[in-house]
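Chains as they are written, first to last, in the working numbering: chain A, 1 to 319; chain B, 1 to 319; chain C, 1 to 319; chain D, 1 to 319.
Be aware that one or more of the hints could be misleading.
Identical copies look the same in the list; a pair holds intra-copy or inter-copy alike.
Unchecked claim - Each computed EDC-like pair below joins lysine to aspartate or glutamate, with the alpha-carbon atoms no more than 20 Å apart:
1. Lys147 to Asp259
2. Lys147 to Asp264
3. Lys246 to Asp38
4. Lys147 to Glu190
5. Lys147 to Glu158
6. Lys147 to Glu23
7. Lys246 to Glu66
8. Lys147 to Asp242
9. Lys246 to Glu190
The hints are simulated quantities; they were obtained by calculation from the structure and are not laboratory data.
Nothing here was measured: the structure is a model prediction, and the numbers come from that model.
4 protein chains.
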Amino acid sequence: MPSSLPLCGVVPPVCTPLDAAGEVDTASLARLVDHLVDGGVHGLFALGSSSEVAFLTDRQRAVALEAVVEAARGRVPVLAGAIDMTTPRVVEHARAARAMGADALVATAPFYARTHPVEIARHFRTVRERVDLPLFAYDLPVSVHSKLSTGLVRDLAEDGTLAGLKDSSGDEGSLRRLIVELGGRHGRAEGPAPAFSILTGSELTVDAALLAGADGVVPGLGNVDPAGYVRLYDAVRGGDLDTAVKEQERLVELFALVDAGPQDTMGRNSSAIGAFKHALRLLGVFAHGTTAAPQVQLGDDAIALVRERLRAAGMLTVR
Amino acid sequence: MPSSLPLCGVVPPVCTPLDAAGEVDTASLARLVDHLVDGGVHGLFALGSSSEVAFLTDRQRAVALEAVVEAARGRVPVLAGAIDMTTPRVVEHARAARAMGADALVATAPFYARTHPVEIARHFRTVRERVDLPLFAYDLPVSVHSKLSTGLVRDLAEDGTLAGLKDSSGDEGSLRRLIVELGGRHGRAEGPAPAFSILTGSELTVDAALLAGADGVVPGLGNVDPAGYVRLYDAVRGGDLDTAVKEQERLVELFALVDAGPQDTMGRNSSAIGAFKHALRLLGVFAHGTTAAPQVQLGDDAIALVRERLRAAGMLTVR
Amino acid sequence: MPSSLPLCGVVPPVCTPLDAAGEVDTASLARLVDHLVDGGVHGLFALGSSSEVAFLTDRQRAVALEAVVEAARGRVPVLAGAIDMTTPRVVEHARAARAMGADALVATAPFYARTHPVEIARHFRTVRERVDLPLFAYDLPVSVHSKLSTGLVRDLAEDGTLAGLKDSSGDEGSLRRLIVELGGRHGRAEGPAPAFSILTGSELTVDAALLAGADGVVPGLGNVDPAGYVRLYDAVRGGDLDTAVKEQERLVELFALVDAGPQDTMGRNSSAIGAFKHALRLLGVFAHGTTAAPQVQLGDDAIALVRERLRAAGMLTVR
Amino acid sequence: MPSSLPLCGVVPPVCTPLDAAGEVDTASLARLVDHLVDGGVHGLFALGSSSEVAFLTDRQRAVALEAVVEAARGRVPVLAGAIDMTTPRVVEHARAARAMGADALVATAPFYARTHPVEIARHFRTVRERVDLPLFAYDLPVSVHSKLSTGLVRDLAEDGTLAGLKDSSGDEGSLRRLIVELGGRHGRAEGPAPAFSILTGSELTVDAALLAGADGVVPGLGNVDPAGYVRLYDAVRGGDLDTAVKEQERLVELFALVDAGPQDTMGRNSSAIGAFKHALRLLGVFAHGTTAAPQVQLGDDAIALVRERLRAAGMLTVR
């Protein structure tokens, strides 16, 4: 990835297709990688939350990552999540990902075990020291239950521990403070942490994040409509914010497919991932819409809602 | 306010100056209103969180609101917070505010008592029925510990219960979904809830919120630098987003004054409100920087940091 | 209350009966006080959470407290909640309660406004200084969203700010640490904070709390079955723990009435308070089962469940 | 474990000693097992939170579990934590634990991935179906961020999915409701879920939990003072509650060693685990007090506090 740092653009978290037995469907995964690269994305994030990394065994993680790296064929860089509870376990995943050809690593703060900010900083420094790949911090309080503070990220950016941040905290105010502390939208190249990539996971406000100075976006919905996010990115980069807002609004409407599953009988995460997967199935990319255990599967009514959203967004022609 | 609905622009939550005895300093408050109106703001929000409404007795709330209404002299509309735990108590405050000349009301969901979304909807409907003034919902999970869902706000917008939303949830993704559901940035005028004002309380991402279709902003920092927020607002409205981002970044830097107070001996809220008040004192608007009991007061070191931030933002000339 | 300090025994939080118009039904309230005192309780806690204090206007609070004090006729001490957001507002309620004849005050940490532990200590000290009545701290994180630490309560006990603690935190481990720090179950009389009352609000584990050294209990369910809680208290005091456990288990079964209301259409608080009130109506104590706005009222099915629980507990004879 | 179900008594979560390089110190671990069994404990829980399971790699987990099983020599049953994010990963750990000779499994609800209660039930059922060992649910909201409801545990107890519950939720009221629903303290043997073990992780209120009908306790502090917890257990079983309370109070005082580490520079978990380990080192059981990365290590001042607490509890003679 040296040639492409700081990473910018659209970097979807690659969904992991599963067959009926719950095993990784590598043929569908290869089709998804082509769907994304053909859509114009600038990178791929394998083994992230939208990849159901929390549900994949170590063996399945390896199968999925190898399939993504192979299918990418070097056309775009591949970031790999090294997602586990604490430093020693994250280091193991990170080493495996490096061996399989990942271009960069993505790790969260420790979870399950409760840690102090001082320990969170040690965590990232230790991972970086032990595995020689660019490291992105993944700020995901909804899963990890702690928020990376602006000060902590800035310190780790300035001392070179972190090559970037994937901010899925939803805290746009703190992200803005970080951008300003690093030099502001225009001044970041000359700021204290050059070559530091800021990628937002807030897929509904990408126009705003890019306007504010973020370098790119990691949109779960980008699995379904990579070209839409690329158009949005290009519009902001080209200074055409009216087009960007319009494209973003279209994607916000499409995003409503994540609520397809009924609230009283399944989780919101299961509904969202199931909806992405069934959308990809309806688009001919995936063979199945299966999600991993113990998630409840989308039923016919929910799948009909997904189809409707795709049609409304102009992504399915009426048959 | 009929002539000015939907309300838009910069509507600062008016700080409440206190004298050394903790009573409302109406002379300072009148100066603040002039400072704000002269700065070009489009409305005033009295008795909000930044007004320390939670700390003011009913008598003090009346003194403060009357002073704001009087000093405003009809130049801009005055919104009044009716902040209390549940419907019957909110209705009492709302009636008092109406009697004192408020142009619109602002109320949160119930707090302290835990309520169901069905009950939160009843709450807003009951307040609206019992007091004949435009009603804004104040979404403030950090104080109220529940989030107003997009669906609930949309329903209350469409049936005319709410004239607007003051969104201080920090959840920009949900706000975007709401805007799109109401017709999108350009389509809202023809959407299902015309004349519905969306004001963001996220003072660090105002450029982004306005770009997305928000109508205005309620910035606590606008007490200190109303003209800055007006410039920011005007720049977005005029399509000059580069200027808007630059102004927003300057305000983000100035905002750092909220952290002036030491973290280990005082609350973050006390630090922020104390910093706004001492900034206003340093600018010659307030006579004192006192905050209400039981808040810890800013010390000399903290005040020096506030002064430094004002200078860095070009708001204090070196003496 | 001088003669009865430290307060111990069963001190129910007195429900506030409302008529169909939502006004305080003082006749029912007088009957409830007799029901409780005849049941053998050792004190009354008016204007607490179970009294719907959050829903009562200041006028209604006064009507309710006066009715309780009058009906109690000095037979047992009356504690009054001074429940509001911050110090200045709490002081106002505390003064009113003192003027109406309350024997002691109960106050929470500040809420809505976020405060630092240093400020929470100032809050209790200021309330105690300004109003000359014994003061109980009310630890209620579910409403107030902060927990009183063991160290803070111990400090305020030792310096005489607090006459006691009403612990509704549900954190029995921290309560145990507090008891041990104050001298332990047997040593508290000689400990650093003599005459400090520890009352638990954990109505399902009263036997355990009394065994551990708590002085008494503030059970919402005690409105319905005061005699049951008095039997439980007497059994522990008399060393008959088998009887105590048996009585506690009966009360746990009765407690299930709080879940009478359907979860998808009303809040858990509304269900619980509504169930207490309808139980009192079925027992002939209250004229109505009405709860305050904006709470949803219990329907016929829910009321049938309440009736069934009363019967199962031997409190209603089949008619 | 068939002969000893339902499991009852004192079942400490076995700390995992680490050498200076962070590897499992099996010699110290064997000494700890003897320390515990000699202290009279009734079972051992390996690979729980107090074992730093979140910090151990799969290889280290295997080394630790094998060492515990081997050192136990069948004297007491060994429960093994199968702690990971979701079903497929938990099943892998569970199979490994079974292969290494564990007598029962302990698993939490899914974490990191957010799941619906329906999915949590599927999770436990799937783990039980795929691995043939008695399964304990581990209710640990502080790590897992969801609480197992009384209804869910009761259903899984009644249908035979669960052999027991390790309740570290701190929610004693809900635990009491569960016990009563299962038949109450005396009636549980004839209740709907015979042979269901309820173990509390609330180590500061064990007397109360046993009085209420819990079968046993999983005390982290039991690593340091197993004999104390056994005396406490025996006292309650023998009906001598005065002795039980006295012993519990001594253990509460000893427990204060968990706060040895400074709050501003290390996590509370690191402080507690470090304190247990250094206490075991001071008692001659462990060679080192090292905790796993990224935890901050206890300094000399903190270790002095640990020593002081051990002395005060009569566990170290003055040298």
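Consistency of the hints with the structure:
Taking the shortest Cα distances, Lys147 and Asp259 sit within 20 Å of each other only across copies (18 Å), while inside one copy they are farther apart (26 Å). For a Cα distance limit of 20 Å, the shortest separation of Lys147 from Asp264 across copies, 17 Å, qualifies, whereas the shortest one inside one copy, 29 Å, does not. For the homomeric pair Lys246 and Asp38, neither the shortest alpha-carbon distance inside one copy (22 Å) nor that between copies (36 Å) is at most 20 Å. Within a single copy, Lys147 and Glu190 get their C-alpha atoms no closer than 27 Å, and across copies no closer than 39 Å, so neither meets the 20 Å cut-off.
Taking CA atoms no more than 20 Å apart as the test, Lys147 paired with Glu158 passes inside one copy only; the shortest distance there is 19 Å, against 36 Å between copies. Neither within a single protomer nor between protomers do Lys147 and Glu23 lie at most 20 Å apart by alpha-carbon distance, with minima of 33 Å and 30 Å respectively. Proximity of Lys246 and Glu66 under a CA criterion of 20 Å is satisfied in neither setting, with 37 Å inside one chain copy and 44 Å between copies. In this homomeric assembly, Lys147 and Asp242 never come within 20 Å of each other (Cα to Cα): the closest approach is 33 Å inside a single copy and 30 Å across copies.
With identical chains, the CA atoms of Lys246 and Glu190 are at most 20 Å apart between copies only, with a shortest distance of 16 Å across copies and 32 Å within one.
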